[in-house]
Amino acid sequence: MRRLLQHPSLAFGLGATLLFVIAGLASLVWTPYPIEQINVARRFLGPSPEHWLGTDNLGRDMLALVMSGTFTSFRIAALSVLIGAGIGVPLGLAAAVWGGAVEWVVLRLTDFMFAFPAVIVAILIATLLGPGDANAVIAIGIFNIPVFARVARGGAMSINTLDFVAAARLAGLGNAAIALRHLLPNITSLIIVQGTIQLSLGILAEAGLSYIGLGTQPPATSLGLMLRDAQGMFLVHPWLTIVPGLAIVFIVIALNLAGDGLRDALDPRLRQGTNDVLA
Amino acid sequence: MTAFIIRRLIGFAVTLFLAAAAIFAVLNVLPGDPAQFTLGLNASPRAVEQLRAQMGLDRPALERFFEWVFGMLHGDFGQSYTQRAPVAKLIWERVGVTIPLALMAMVISAAVGLPLGILAARRRGKPLDTMLMVLAQTGIAIPNFWFGMMLTLVFAVGLRWLPPGGFTPWQENPGLAFRSLILPSLALALPQASILARVMRTALVDVTGQDFIRTARAKGLTLGEAVWRHGVRNALLPVLTIMGLQFAFLIAGTIIVENVFYLPGLGRLIYTAVSERDLVLVQGATIILVLAVTATMLVTDLAYALVDPRLRERVAP
Numbered sequence: 001m002r003r004l005l006q007h008p009s010l011a012f013g014l015g016a017t018l019l020f021v022i023a024g025l026a027s028l029v030w031t032p033y034p035i036e037q038i039n040v041a042r043r044f045l046g047p048s049p050e051h052w053l054g055t056d057n058l059g060r061d062m063l064a065l066v067m068s069g070t071f072t073s074f075r076i077a078a079l080s081v082l083i084g085a086g087i088g089v090p091l092g093l094a095a096a097v098w099g100g101a102v103e104w105v106v107l108r109l110t111d112f113m114f115a116f117p118a119v120i121v122a123i124l125i126a127t128l129l130g131p132g133d134a135n136a137v138i139a140i141g142i143f144n145i146p147v148f149a150r151v152a153r154g155g156a157m158s159i160n161t162l163d164f165v166a167a168a169r170l171a172g173l174g175n176a177a178i179a180l181r182h183l184l185p186n187i188t189s190l191i192i193v194q195g196t197i198q199l200s201l202g203i204l205a206e207a208g209l210s211y212i213g214l215g216t217q218p219p220a221t222s223l224g225l226m227l228r229d230a231q232g233m234f235l236v237h238p239w240l241t242i243v244p245g246l247a248i249v250f251i252v253i254a255l256n257l258a259g260d261g262l263r264d265a266l267d268p269r270l271r272q273g274t275n276d277v278l279a
Numbered sequence: 280m281t282a283f284i285i286r287r288l289i290g291f292a293v294t295l296f297l298a299a300a301a302i303f304a305v306l307n308v309l310p311g312d313p314a315q316f317t318l319g320l321n322a323s324p325r326a327v328e329q330l331r332a333q334m335g336l337d338r339p340a341l342e343r344f345f346e347w348v349f350g351m352l353h354g355d356f357g358q359s360y361t362q363r364a365p366v367a368k369l370i371w372e373r374v375g376v377t378i379p380l381a382l383m384a385m386v387i388s389a390a391v392g393l394p395l396g397i398l399a400a401r402r403r404g405k406p407l408d409t410m411l412m413v414l415a416q417t418g419i420a421i422p423n424f425w426f427g428m429m430l431t432l433v434f435a436v437g438l439r440w441l442p443p444g445g446f447t448p449w450q451e452n453p454g455l456a457f458r459s460l461i462l463p464s465l466a467l468a469l470p471q472a473s474i475l476a477r478v479m480r481t482a483l484v485d486v487t488g489q490d491f492i493r494t495a496r497a498k499g500l501t502l503g504e505a506v507w508r509h510g511v512r513n514a515l516l517p518v519l520t521i522m523g524l525q526f527a528f529l530i531a532g533t534i535i536v537e538n539v540f541y542l543p544g545l546g547r548l549i550y551t552a553v554s555e556r557d558l559v560l561v562q563g564a565t566i567i568l569v570l571a572v573t574a575t576m577l578v579t580d581l582a583y584a585l586v587d588p589r590l591r592e593r594v595a596p
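Going line by line, the protein sequences match chains A and B.
If you read the first sequence in this note's numbering, its first letter stands for residue 1, the second for the next number, and so on.
If you read the second sequence in this note's numbering, its first letter stands for residue 280, the second for the next number, and so on.
Each statement offered as a hint is correct.
These stretches of chain A come out as covered by chain B in the derived footprint (C-beta under 8 angstroms, 3 or more residues): (1) 106 to 118; (2) 123 to 129; (3) 211 to 217; (4) 230 to 244.
What the hints contain is simulated information worked out from the structure, not anything from laboratory work.
Here a beta-carbon is modelled for each residue, glycine too, at the ideal position from N, C-alpha and C.
Whole structure, please, built from the sequences with the hints as guidance.
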């Protein structure tokens with residue numbers, strides 16, 4: 001806790017992220033108005049005491065939509081981080097411990113996967129299965145795999161040379177056991193930091209995919225889908241795009257601050273920021 | 280050096296071949312029957328069978344795959360069965376929007392990001408640095424397509440300086456074509472410029488602490504001269520890698536941003552192909568995108584080796 005307070009950006013980032021997560025989770029049990037409640041008489045309202053963020057073209061409460069959309073965006077981004085870390089980290093660890101042919105294969109595989117931006121994967125899956133949020137999860141998840149594989153391999157390699165790993169090897173531990181018991185615990189902080197960054201990239205990617213119609217589909221709602229719905233009328237009713245757009249910006253800033261802060265707090269040696277954004 | 284180039288070229292060809300195989304495999308496990316889909320549910324089985332034969336779908340997948348790959352080597356990407364035109368022609372018509380757009384975005388991003396990054400590094404720890412990095416942090420968080428919408432509101436609707444959307448072909452009116460790409464390229468460039476500024480700053484700060492800067496100072500250069508002559512050039516190496524990656528992502532990013540400005544680029548083509556399940560067209564368009572991405576990475580690697588001799592010696596066997 002004290003460490004947390006020494007890093008104001010971490011405290012702020014985590015706090016703001018938590019607020020959005022809570023708002024999203026709350027939408028599961030309560031929203032100011034039901035999301036499906038269409039009331040054409042009350043459409044295009046500005047912010048007011050009844051509707052804090054106004055209403056959309058169908059008279060739906062924007063605050064309710066943003067809460068529910070935030071949940072969808074977080075869910076999709078989090079699931080794709082799980083896919084990326086779940087497959088990428090074991091790959092990276094395997095490359096670091098076994099080296100040789102295993103490492104070569106993993107490295108070529110990650111190179112290969114970098115050639116497929118999330119949009120391309122999403123296009124392929126959408127042709128196959130039709131658009132949907134599973135599509136977005138898989139596309140962003142696949143994009144995340146090589147990122148985690150690289151981070152895990154890099155981190156594990158620097159630890160692999162340390163004395164206690166050599167000692168474990170002398171004690172007769174196999175490669176898998178070393179990876180699991182000694183390397184993995186020592187790269188957890190790296191993985192968490194990368195996970196935060198990928199979470200924010202995932203939120204952006206979900207927005208992009210849903211916006212072009214390859215991600216979340218109605219009647220579900222996400223921040224990207226709200227922007228898609230507003231596309232046809234944003235010149236006349238800009239409010240409908242400003243609200244979900246700003247929500248995305250705030251969430252991503254919060255996550256990035258949390259990520260930078262975590263990096264500084266967990267391991268000051270890692271101070272450096274070169275995260276790439278996927279298109 | 281030659282060995283390095285040859286190795287990279289082979290790697291490039293292998294990647295493309297595997298990508299083609301992956302794309303083909305994914306699209307050909309498709310559950311639906313494209314012939315049935317084209318003709319609708321009420322089509323007679325005989326008509327569907329005929330169309331299948333016409334599309335070549337009755338032949339083994341492996342045969343069709345190699346036919347596709349060899350065709351592409353000759354510039355023949357197959358025939359789109361929804362648009363009834365060669366895929367290569369359809370793609371070629373759209374590339375005239377997508378590639379200039381990505382290039383303009385890259386130029387803007389470098390022209391804005393690099394100087395700001397250098398400025399921030401030179402004023403490290405000062406208010407200007409903090410301000411620039413806060414701006415960069417915000418720029419990274421803004422979805423490019425949403426930024427495009429906001430730009431339209433300000434510059435097309437509010438100030439009426441630029442068209443809100445649509446595209447005039449280059450051959451009809453190059454000036455207007457250029458003007459309609461300004462806002463989209465600005466939208467694409469913002470997050471990339473923010474990233475570049477951050478990378479440039481970090482790289483320059485790292486380099487400034489190194490011995491050769493101290494040596495340059497010792498021989499009488501001011502810090503500014505030393506950083507400019509020796510620092511920036513060395514700091515550009517990591518920046519170059521990021522720029523290569525960025526260009527690849529810019530090409531993919533145009534697909535989304537095109538949508539905001541109603542530009543007839545690759546994105547629109549792909550989108551109709553997906554909704555009409557035009558497999559040949561999706562195949563062709565995706566492999567073109569992968570080609571663009573891998574080619575960019577190849578060029579980056581080669582440029583890197585050209586700039587940094589250490590690298591090519593280490594990589595060459």
